[in-house]
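Respectively, the protein sequence lines represent chains A and B.
Counting from 1354, one number per residue, gives the positions in the first sequence under this note's numbering.
Counting from 1354, one number per residue, gives the positions in the second sequence under this note's numbering.
Hints were generated in silico from the structure; no laboratory data involved.
Among the clues, some could well be false.
Pairs count within a copy or across copies, as identical chains cannot be separated in the list.
[To be verified] When the alpha-carbon atoms are kept at most 25 Å apart in a straight line, the in silico SDA-like pairs for lysine to any residue are as follows:
hint	residue 1	residue 2
1	Lys1462	Gln1548
2	Lys1557	Thr1581
3	Lys1441	Ser1411
4	Lys1414	Phe1511
As a plain string of letters, each chain reads:
Number of protein chains: 2
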Amino acid sequence: MTKPAIILVKPQLGENIGACARAMLNFGLTELRLVAPRDGWPNPAAEAMAAGATEVLSDAKVFDSVEAGIADLHLVFATTARSREMSKPVASPREAAVALRTDSDKGKKCGVIFGAERSGLDNDAVVLAHSIIHVPVNPSFGSLNLAQAVILIAYEWFVSARGARSSLDQEDKEPVATTDDMMGLFGHLEEELHQAGFFYPPEKTELMTRNIRNIFQRMPLTLQDVRTLRGIIKALSKGRPPRK
Amino acid sequence: MTKPAIILVKPQLGENIGACARAMLNFGLTELRLVAPRDGWPNPAAEAMAAGATEVLSDAKVFDSVEAGIADLHLVFATTARSREMSKPVASPREAAVALRTDSDKGKKCGVIFGAERSGLDNDAVVLAHSIIHVPVNPSFGSLNLAQAVILIAYEWFVSARGARSSLDQEDKEPVATTDDMMGLFGHLEEELHQAGFFYPPEKTELMTRNIRNIFQRMPLTLQDVRTLRGIIKALSKGRPPRK
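Looking at chain A on its own, in the form it has when it is part of the complex:
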């Protein structure tokens, strides 16, 4: 059994990172990843707030980008406060916990991404996730403290150990694609589409790219699926005249 990693994207205050580490360890999570922490790393302010969860902080890994921070993960949730205009499955913390538990029990590597204190996650980060976790809150006072958001997910993870299992608990014998595998697929597809003049007008490239990625991110693809899709892209593109 593996355990989900907690990925904090551009966290601002060291105090909040420390509070997150404490919240994680309260519920048995130990793998903390930091993407571009504002004040660098390590951060003494984090230790003061960790209240003894120092092993979580000292084992924390730092990454330059969200992509790098989740490169090895098979199942990734992004927590968002606002609703997004993205066609991704939306789960409650409880539902997400069951999915994380189910996949972790099979040895898959999972993670949950949290955005910065004020701004949350930007759309480019949300796109990288397979699903969204939406925490139901008081609609007129919805801003959760970062460590509070983390503890709710960690708590649901912890109590899911005993609870119901997902009905989508099919036997996945085949290895699931990692974020790295997906990035390889997207890079391949987008390069060929670029060569084919698909992205037109050019200013729509970003939006079009995001929509296409969302189609494929929505489903859990196996490594074999990714190979098949790349075979399709290669075959369809074969012999196309080079771009003018």
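Following the hints, complete the assembly by docking chain B onto the known chain A.
What follows is chain B alone, placed relative to chain A:
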């Protein structure tokens, strides 16, 4: 319908009181009671951490004793970290939330008592409660921050209102692809793949076709997704020399 009061017994740091107020309001709780706060009341440090939940702080009532603080309540839970040698019912946060919800819906006044940061509740306070809430935690790192304990109870209270929601409960504004749409997509893709010589050796065509269809069937595609995918196929295939 009433809502449970949160009673903090001898809270030490104003910052923690403020964080509790924020956590409460995140999940719609507004009635804060303080029993003998160490640093007096009001406390400016609380306001700084309340992040806008100032109404909860300004409405907070201060009491000299736990007895006075819960005098008007019909149902009282005490949160404890350690197990107590007391013959009282012990509930999980989720079970307690259901009980609180049931009684609140009947107009009964309910409350949950939390002890001081370091020491928790003393036995005299626990005795006054009807039941105990025991938060399941990592046995080797069980010390919850005060506001973290409050938010877990407030969260369970909040989500107990709706019961379980389906993860598929998202608003699907976009029309979902019909079988016809999918068949159109498959027909288009398979014809282009045939033209590209993808199906090789020929006797494997059926198996390969089935595998490809399964990739796309696994996810619920919208009509727009199907259009996007067909646009991709068309773009990639453009200008490929005809099959020999």
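For this session: Using 25 Å as the alpha carbon limit, work out where Lys1441 and Ser1411 are close: within a copy, between copies, both or neither.
Result: neither (34 Å within a copy, 41 Å between copies)
What label fits Lys1414 with Phe1511 when the C-alpha limit is 25 Å: within, between, both, or neither? within (23 Å within a copy, 34 Å between copies)
| said: Please sort Lys1462 with Gln1548 into within, between, both or neither, judging by C-alpha distance up to 25 Å. | reply: neither (35 Å within a copy, 39 Å between copies)
- Message: When Cα atoms must be at most 25 Å apart, do Lys1557 and Thr1581 count as within-copy, between-copy, both, or neither?
- Response: Between copies, since 14 Å is at most 25 Å while 28 Å is not.
Checked against the numbered hints listed earlier, the structure breaks hints 1 and 3; every other hint is satisfied.
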